[in-house]
Amino acid sequence: MDFALFLGCTIPARLTQYESSSRAVLERLGVGLVDIREFNCCGYPVRNASFKTFVLSSARNLALVQKENLNVMALCKCCYGSLKKVDHLMEENASLRKEINTILEREGLRYEGGIEVRHLLSVLYHEVGIESIKEKREKGYEGLKIATHYGCHALRPSQVVQFDDPVSPSIFDQLVEVTGAESIDWATRLECCGAPAWGINDDLSMDLTRKKLGDGKQSGADYLCVACPYCHIQFDTVQKAILSQGGADHRLPSILYPQLLGLTMGIDRETLGLEMNQVPLGDIAGFLSDERSAVSNQLSGESDR
Amino acid sequence: MLFPIGLYGALIIFGIGLVYRISAWFRYKVGINAERISASARVSEAIKGILLALFSAKIATLLRVFFLDVVLQIRVLREDYLRWFMHICIYGGFILLLLMHALGNVVTSRLFPSYFSTLNPFMFLRDLFGALVIVGLAIALYRRFILRIPRLVTNAMDQYAIIIVALIMISGIALEGTKIASHSAYKRMVEEYSGLVDEDEMRSLEAYWVEAFGVVSPTLKGPFDAETLEQGREFHEMSCVECHSRPQWAFTGYGVAKIIGPVASWIDRVNMPGVLWYIHILACLVGLAYLPFSKMFHIFASPVSLLANAVMEREKSAPANVATRQAMELDACTHCGTCTVRCSVGVAYEEIPNANILPSEKIASVKALASGKELTERELRIIQEGIYLCTNCYRCTLVCPVGINLQDLWFSAREALLQRGYPEFLVLSPLSFYRGLMREDLLQRDYGEPLMRAREAILAECDLMKMRDKAVPLTPADRGFQSGLSLSAQASTFSVCFGCETCTTVCPVVGNYDNPKEALGLLPHHIMHACGLGVRDLAFGSNMLWDCITCYQCQEQCPQGVGVTDVLYELKNLAIKNVKEKMIH
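These protein sequence lines map, in sequence, to chains A and B. Residues in the first sequence are numbered from 1 upward in steps of one, following my numbering. Residues in the second sequence are numbered from 1001 upward in steps of one, following my numbering.
With the rest of the complex left out, here is chain A (with noise of 0.2 angstroms):
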């Protein structure tokens, strides 16, 4: 079980621990990653500018991946949602594959469709499965509330992305429950973290991202949990900007999702990158038990045998 990893722009140059914890995580999973050094931008910051531009740069990332006969992960949404939206659009255009191929052909690639494109999510509800996660993990969660953050670009649009059922998903709900923690209802879960308008319109940004904040920690969430750098940096680096401007304070760590696994599978915190995140995540391994782990390990070890 082999994937390209695909890591995008932000998280090497801004969010390392979400990189340093997935691979840790994978490793112990058996999920081998291929790094393709040629990979470029997956085009979602130039959308808005220009769709070729963008249709370019996700056509070129699959058309490496092909070129290397493996499918891809990403770890960001909306790299996600790009080489999705990017693998339909040449697989039912024709005349936009021709004149992206022809580009491409200039240094050789060409992409044909039919690369699995996935998310970090999917590849470990899928392809790893709930029960073989549960089979690693050493310690549970015990009491501990988690807002789970499915991010858009993942749901929607739901005919292109094909990750789960938008209207109620639950791919993620699961993975963070097997971790033992419990994954809480809340109002705003499949609403947009703020990111898009950052820099664009940060009053806006702000806002959205106070409303789920807000909603996360009335419905009695110790922590968000995201998988998506955009979605983390908002929920991290912006809400430390919220949070020094003062008034309500709806203080809501954010904890990427390797993160929390990692915890559970006794992944030392330095390599998840604990201290990096922003916002201080407190005491969040008080919230493992070890009993737990002693009667899981014992059924794991069982049912190995």
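It is possible that some hints are incorrect.
[Said to hold, decoys possible] Taking lysine-lysine and the BS3-like style, the derived pairs with C-alpha atoms no more than 25 angstroms apart in a straight line are: (1) B/Lys1577 x A/Lys52; (2) A/Lys211 x B/Lys1582; (3) B/Lys1316 x A/Lys98; (4) B/Lys1582 x A/Lys52; (5) B/Lys1577 x A/Lys240.
These aren't lab readings, by the way, just hints derived from the structure by calculation.
Start from chain A and add chain B according to the hints.
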């Protein structure tokens, strides 16, 4: 007589050039912060900073970086083995030639009192070093002109660098080769060193050199009898061997001598070795005099860049030193193209033909800006677009073999450009995410202005938006506009909108405002309707377009299957294209 004049002339130009170029490190201004600091303040801060670094624990870092990154060039090795080998060949071979051969009388003869350029190991080493440079040059040519690395740009300066080094090397090897074959050079040596007077003796020595060492004699041709050769060999051992190793050791020159053998007499007669000597010396002097003004100046600037970036800490460095470092980094660039090859958005250049997208080309524009050169509005806007089309992924900085902090350069230059007042429409894209994260580093006034300006410039092109009562003439509908929404199949779906307002109802942006029409202008369902009516201005002029967070709620929930978000995306494309076209004309 000519040689010393040429040498001192070249050295003077070189020295003046060096001072001029280094002074630019304190004169050139990259970005707004640099504008506020005087050159003299920068000089004194630099001296202070350098002394502080030298007399602290940082000296260990400096030594390590000097050895690993400057001498061994590990950063190049990490990126590309072939390029590392190429550069080590050229720079290693050339420096060794410079020290051992060009400065033979100054350096080598002091270290090795027995130094004779015609004696081994020196004779062999000179050719070995020369061969290294030639191998390096061949790889450079292969990389630049045959390998066709996507988006790697070769400019006139790169060509000059290859040509001047090639000229020095090829003329040197040709000079050596023609001298090996040259009968007059042989004669000169015999007269000076052998002490032979007898004709027969001289003939046998010459026969031996013709036979064994590639000298081409106009009078003597082989085959020679064994006795003559044996006698010649004895004279050779008596008179020559102490100061002259076998020319075969000078393998490149010897090869040339063998190749030119049939015409060597003619070459000697027209004094080709003399001509080649002039070419060789002239090429060296031109290379030396022009060095500070060419890309070869990186020989000085690149190590400084590596060392400075190794010990300068982002938060703690004095602003004056950051300004100096950034100006210096502009000179450190070798135009190797690593940044461009690895650039995350380099591929955009295939669709948007603006060379400033490519970091290796962008840096030349930043240099023009920093020097205070007068640029036209058009040029400035092209540079601005290129600099803004960057995801700030840090890759260019990580891979730069000479350690230039390119990302910081872009950031400084970008903000200074944005403050010049020309609207940049890419600020209305997620490319601004990084700028938002950096907003604390910017003045509050400076931060919001470019965003407002871009929106206003787009609005200014939408005449209908300026009408108070919004009584809009609906005929004729702008069919060109409607058919322009065709980049993807989704975009034409606006035509099936029946105005149920679901899109607007579910839009979190609309939901964020008490009075959405005031904040956003037209709302999503209005915009779909405006498309249906073919009223372009209303579709382009709404804030809704730029405040759309592309969460796809509208599109997902539309009962008619209208690709609302995709339509908005295409409207954004068209609005930017429209305003850019108008501004250029």
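Looking at the structure, which of the earlier hints fail to hold?
2, 3, 5
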